[in-house]
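Enquirer: One letter stands for each residue in the lines below.
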Amino acid sequence: MSFDYEKYIRPGKLPHIWCPGCGHGIVMKGLIRAMDALGMKKNNTAIVSGIGCASRLPGYIDCCTLHTTHGRAVAFATGIKMAKPEMQVLCVGGDGDGVAIGGNHFIHACRRNINITYLIMNNNIYGMTGGQFSPTTPTGAKASTTPYGNPDPPFDIAKLAIGAGATFVARGTAYHANQIEKLLVEAIRHKGFSVVEILDSCPTTYGRRNRFRSVVEMMNNLKEIAVSVQAAEHMSPEQMQGKVLTGVLYRDNRPEYVEEYQKVIEAAQDFAG
Amino acid sequence: MEKRLPTIEINEKYCKGCHICVEFCPTRVFEMKGFIATVKNQEACIECMQCELRCPDFAIKVLP
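Residue numbers (our numbering), protein chains in the order written: chain A, 1 to 273; chain B, 1 to 64.
Incorrect hints may have been included.
So the derived label-pair ranges between C-beta atoms look like this [what the hints assert, rightly or not]:
id : chain 1 : residue 1 : chain 2 : residue 2 : range
1  : B       : K33       : A       : G163      : 46 to 52 Å
2  : A       : K7        : B       : P6        : 37 to 43 Å
3  : A       : I17       : B       : M32       : 20 to 26 Å
4  : B       : E47       : A       : R211      : 44 to 50 Å
Selected chain A positions facing chain B (in silico; Cβ < 8 Å) [stated by the list, open to error]:
id : residue
5  : L14
6  : P85
7  : M219
Quick caveat, the hints were computed from the structure, so don't treat them as lab data. Ideal Cβ placement from N, Cα and C applies to all residues, glycine included.
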């Protein structure tokens, strides 16, 4: 059954700016299907983004959207959620926007456990600005600023989110297109800060410097490295070398920030009489 | 009974020629014509919707 994406896309905005073979389009399709499955209302949904390729996504979706400064998407989203708690707030961004420049906002939103869903499209590089290495570029990988290989060890965004206190953490890939929708549905339903990391491909700035000869080769690489949480239970540490866990990695229940803050307001009002 | 064929619509203005539909179609329905994907073998389509699901450019629609 064909899905009508057009009803969620602003008229005249397509074709999008992403390069041929960029996985961001596949992730955007997953997000639109998740919004449709949840019956999210366009005027009660806010999508917030920072700067970068992935952050262009809200410009195409027909709902309340906000394109903010680099890395500050979560900070703006926190403001929206505090002012309008009834609104569904989603944050989207790339790896550089989320965990490098916006790393501080990211960990503190995790700590507060505010009811926002953060979709991070991790393509291992700063694509828009010309292929500089990001905190998720694997060790040894080449980027425009590390022509002899990257010496830094990469961040594991999911582990960072769990460590900082996010209460729902999931990971998918752009290859597993149906899983993106399912993970996002679960993340949006979850009450608390939920992080969904989608491993993505950047053929233009990452692939051509790192011996991926085509878009399809990059997509197949995502298929090969992904191991579901269920399958990983039966695998040895040697077999898990070079693989990445996908699926729902962590789920917890903690008090939600907006509700906790409401208690502070009530206590202050009681005190003031 | 004659087999009912689905309609495969490719929006040429949206297609960027990334080869994803050509490679991931299990029955090899598509081929590249220059930089644009075209339908080569419509009879082979099994309506698995892989092309529509994976096309990053919103260019393919498979209608029954």
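Enquirer: Any of the earlier hints contradicted here, and which numbers?
Expert: 2, 4, 6
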